[in-house]
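S.K.: Now for the letters of each chain:
Number of protein chains: 2
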Amino acid sequence: MPARLYLEDLHIGDRFSSQATTLDAAQIKAFATQFDPQPFHLDEAAAEQSFFGGLAASGWHTAALTMRLLVESVPLHGGLIGAGSEITWPQPTRPGDQLRVESEVLEIVPSRSRPDRGLVTCQSLTLNQNGDVVQRSVAKLLAFRRPQAS
Amino acid sequence: MPARLYLEDLHIGDRFSSQATTLDAAQIKAFATQFDPQPFHLDEAAAEQSFFGGLAASGWHTAALTMRLLVESVPLHGGLIGAGSEITWPQPTRPGDQLRVESEVLEIVPSRSRPDRGLVTCQSLTLNQNGDVVQRSVAKLLAFRRPQAS
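Each protein sequence line maps, in turn, to chains A and B. Heads up: the first sequence at position 122 corresponds to 122 in the numbering used here, and the numbers run straight through without jumps. With the second sequence counted from 1, adding 1000 to any position gets you the numbering used here.
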């Protein structure tokens, strides 16, 4: 377990790499059944005839798996609390893909009104086993300052 | 089942309202266990001591539930295929919340290179039973033109 980082421990350009995780067709269909029940996420034959040309994971499944990899790889004190995120999915996630996440700190903005915290802009690229980017997200994460000795 | 809409059926300002769905603490913890295993999404006592001051759903859980409500309420021909989305979570989603989604077409841009399609910018507000916005998303959705008789 890496040390937990406070706002002042972070620097622009800091990078974090996750472990890898693999997803299969059954997981893609289970997620889609619950949250994104569309034929191209549920059924191989229907997916062949669709825009995706084959079974593809819901983008929200890719986003959720990315979050798990971020929780394991970006050790902010107090946890990963996002105010928001901009996401694009340049390529679909496919059955059998092995995903990992590379994150980089883009910006650090201390709060003016709350001196104990700030917002960290973090880009996370979710890559498959071929190095293709299946998701790019740019998130605003809350980071806390190290408490002062009183 | 509403009629399926093509690109030329859509207009700026068009609105779509979803049904409501309720989520409970068990669902919040099950999603978090799989995708966002942080104490404030998993354990009431730990959540009380956290930034959230009580159990809160992962933002990605709110996003995934929003997707299901969108699939049921925004009837685009060919399905809901997002190129990307900007998301903010102004308020946490809590156990027992009843969520619904109000969507509005903000922009329609026909593709220059692909005359059979375009991108539709759609804002979706996810509201709880008190009318609080728990998620605002602005997504770019693919929409297809009605096929011409040949």
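Quick caveat, the hints were computed from the structure, so don't treat them as lab data. Check each hint, because a few of them may be wrong.
As the list claims (entries may be wrong) - A partial selection of chain A residues facing chain B, derived with a Cβ cut-off under 7 Å:
| id | residue |
| --- | --- |
| 1 | Tyr6 |
| 2 | Ala63 |
| 3 | Ser85 |
Unchecked claim - Ranges of calculated distance between the beta carbons of each label pair, as one might list FRET restraints:
| id | chain 1 | residue 1 | chain 2 | residue 2 | range |
| --- | --- | --- | --- | --- | --- |
| 4 | A | Glu48 | B | Asp1043 | 53 to 61 Å |
| 5 | B | Ala1026 | A | Ala83 | 21 to 29 Å |
| 6 | B | Gln1098 | A | Ala149 | 43 to 51 Å |
| 7 | A | His11 | B | Asn1130 | 55 to 63 Å |
| 8 | B | Asp1043 | A | Gln123 | 45 to 53 Å |
| 9 | B | Ala1149 | A | Glu48 | 38 to 46 Å |
| 10 | B | Ala1149 | A | Gln91 | 41 to 49 Å |
Here a beta-carbon is modelled for each residue, glycine too, at the ideal position from N, C-alpha and C.
S.K.: Can you give the numbers of the hints that this structure goes against, from lowest to highest?
M.R.: 1, 4, 7, 8, 9, 10
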